[in-house]
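Protein chains in written order, with the numbering used here: chain A, 1 to 251; chain B, 1 to 251.
Among the hints, a few may not be true.
Which copy is meant is left open, because identical chains are indistinguishable; a pair holds if it fits in one copy or across any two.
[As the list claims (entries may be wrong)] Calculated lysine-lysine pairs in the BS3-like style (CA-CA distance at most 25 Å, straight line):
(1) 251 / 142
(2) 105 / 60
(3) 142 / 190
(4) 48 / 240
(5) 190 / 57
(6) 96 / 57
In short, the hints are calculated from the structure, not lab data.
Protein chains: 2
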Amino acid sequence: MKQLLLMLLLAPCLLFAQGQANYVCPPCGPCDTLVFHQPGKCPHCGMKLIKKDKLEKRMKICFLLYEGIEILDFAGPLEVFTDAGFDVFTVAKSNKPLVAQGVLKVVPDYSLADAPPADILAVFGGNAGPTAQDPEVMAWIKSRDKNTERYFSVCTGAFILGNAGLLENQTVTTYHDQIETLRKHLPNAKVLENVRYVDNGRIITTAGISAGIDGALHLVAKLKGEEEALRVARVMEYDKYVPNQGLVIKK
Amino acid sequence: MKQLLLMLLLAPCLLFAQGQANYVCPPCGPCDTLVFHQPGKCPHCGMKLIKKDKLEKRMKICFLLYEGIEILDFAGPLEVFTDAGFDVFTVAKSNKPLVAQGVLKVVPDYSLADAPPADILAVFGGNAGPTAQDPEVMAWIKSRDKNTERYFSVCTGAFILGNAGLLENQTVTTYHDQIETLRKHLPNAKVLENVRYVDNGRIITTAGISAGIDGALHLVAKLKGEEEALRVARVMEYDKYVPNQGLVIKK
Numbered sequence: 001m002k003q004l005l006l007m008l009l010l011a012p013c014l015l016f017a018q019g020q021a022n023y024v025c026p027p028c029g030p031c032d033t034l035v036f037h038q039p040g041k042c043p044h045c046g047m048k049l050i051k052k053d054k055l056e057k058r059m060k061i062c063f064l065l066y067e068g069i070e071i072l073d074f075a076g077p078l079e080v081f082t083d084a085g086f087d088v089f090t091v092a093k094s095n096k097p098l099v100a101q102g103v104l105k106v107v108p109d110y111s112l113a114d115a116p117p118a119d120i121l122a123v124f125g126g127n128a129g130p131t132a133q134d135p136e137v138m139a140w141i142k143s144r145d146k147n148t149e150r151y152f153s154v155c156t157g158a159f160i161l162g163n164a165g166l167l168e169n170q171t172v173t174t175y176h177d178q179i180e181t182l183r184k185h186l187p188n189a190k191v192l193e194n195v196r197y198v199d200n201g202r203i204i205t206t207a208g209i210s211a212g213i214d215g216a217l218h219l220v221a222k223l224k225g226e227e228e229a230l231r232v233a234r235v236m237e238y239d240k241y242v243p244n245q246g247l248v249i250k251k
Numbered sequence: 001m002k003q004l005l006l007m008l009l010l011a012p013c014l015l016f017a018q019g020q021a022n023y024v025c026p027p028c029g030p031c032d033t034l035v036f037h038q039p040g041k042c043p044h045c046g047m048k049l050i051k052k053d054k055l056e057k058r059m060k061i062c063f064l065l066y067e068g069i070e071i072l073d074f075a076g077p078l079e080v081f082t083d084a085g086f087d088v089f090t091v092a093k094s095n096k097p098l099v100a101q102g103v104l105k106v107v108p109d110y111s112l113a114d115a116p117p118a119d120i121l122a123v124f125g126g127n128a129g130p131t132a133q134d135p136e137v138m139a140w141i142k143s144r145d146k147n148t149e150r151y152f153s154v155c156t157g158a159f160i161l162g163n164a165g166l167l168e169n170q171t172v173t174t175y176h177d178q179i180e181t182l183r184k185h186l187p188n189a190k191v192l193e194n195v196r197y198v199d200n201g202r203i204i205t206t207a208g209i210s211a212g213i214d215g216a217l218h219l220v221a222k223l224k225g226e227e228e229a230l231r232v233a234r235v236m237e238y239d240k241y242v243p244n245q246g247l248v249i250k251k
């Protein structure tokens, strides 16, 4: 009887606590552990608060592959995102085997036609031209845009995002010998050289090949906190990871 | 008539120069550009001179893959060796598709039964246990030993080389959380921690996952010269490459 009375007395408090204290700011550093009762902006970093359950969901990342893709461009981020507990799947125009960089035979999980939704679309360089100029791939990217929270490109993967119309008025980077070409190709984008990655908030582009590892660790830090990125770097024995090595335009 | 006379006079000199000046020392630094007329030892570094044509042949590297292999373990070196112009092919117990790290479907080029010879055998970690304990794989490695010039392991790939009897009295390394296990497993090997790679001359073992990139660049420097390793690092935008970062026991 006493226990029942105690439960009845505590019920409103528990309901209040459970119902209200479920807003957090996206991981950014010292305010990652704070929980708020109402939506709004974080009083510490100014970021828009999000529902806690959204933060904890397992992010799905779609890796768009193609014939001639550079191995480390996609394999570096694939290692990082897998170690960080994201759900990653691979997609290509068809689900037939393709050869990465002329040496590694890979079978995509899905074709464009049957690929499930994803929170993040990741694209890569190597032989990006034919994909960037493929109307079917461009239409596919655009058709998924409303459900895609973020974009991530490595190397000349920036040309794929650019041709899909995603880099207008963005600050971006690409492979070092393609900087000028991308500048001419995207006159409304600000193309930077000598930067490991550039984060515009929704769109992250990285420099070439190995820079994808650093860009991916930055994305892990952004979505799960710097501690998690450092943990993943330790798992990978990547003691060369330098937090905040790229340019963040918008968190 | 004058030209014919000149050719006849110069012929013995040309024949001497072409026939004799074809010994070089393996790439190691300042004496890489010297050419010698006779076999022997390099008077600068003491290394045994080799025939110039042997140096220039395209090295073949066999990547031994298996179910559950860690992605960056093999993909990092695969990028490095491909960029450096080596011929790389993949082999697994069968040539059916396998899944690397639970996420990437890869089709090996060959099975153990039909794999061509290679100058270098490279093995990797992730889920190395079943391969290291597989009598068929161990017998295959041993059967090719007399034609294998060098071995290269990343991460827990050291257990595969160890079980094949290749690490006896060698100084080696492995993934950071497997150092003690490897010490117990190979009492006749000296297992070092906190080292990016260890080169015993014929056998190179590297630390975990991302360390394979540095070990592979070291092998490129060893076989093709430091300038070539620096060129490959620039291609990969891997400005985090530090020459001579590992331990070289024997060149």
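Cross-check of the supplied hints:
1. 251 / 142: within (23 Å within a copy, 54 Å between copies)
2. 105 / 60: For residue 105 and residue 60, both the intra-copy (24 Å) and inter-copy (18 Å) Cα distances are at most 25 Å.
3. 142 / 190: Result: close within a single copy only, 22 Å intra versus 56 Å inter.
4. 48 / 240: Classified as neither; 32 Å inside a copy, 35 Å across copies.
5. 190 / 57: neither (33 Å within a copy, 45 Å between copies)
6. 96 / 57: neither (31 Å within a copy, 34 Å between copies)
The structure shown violates the earlier hints numbered 4, 5, 6.
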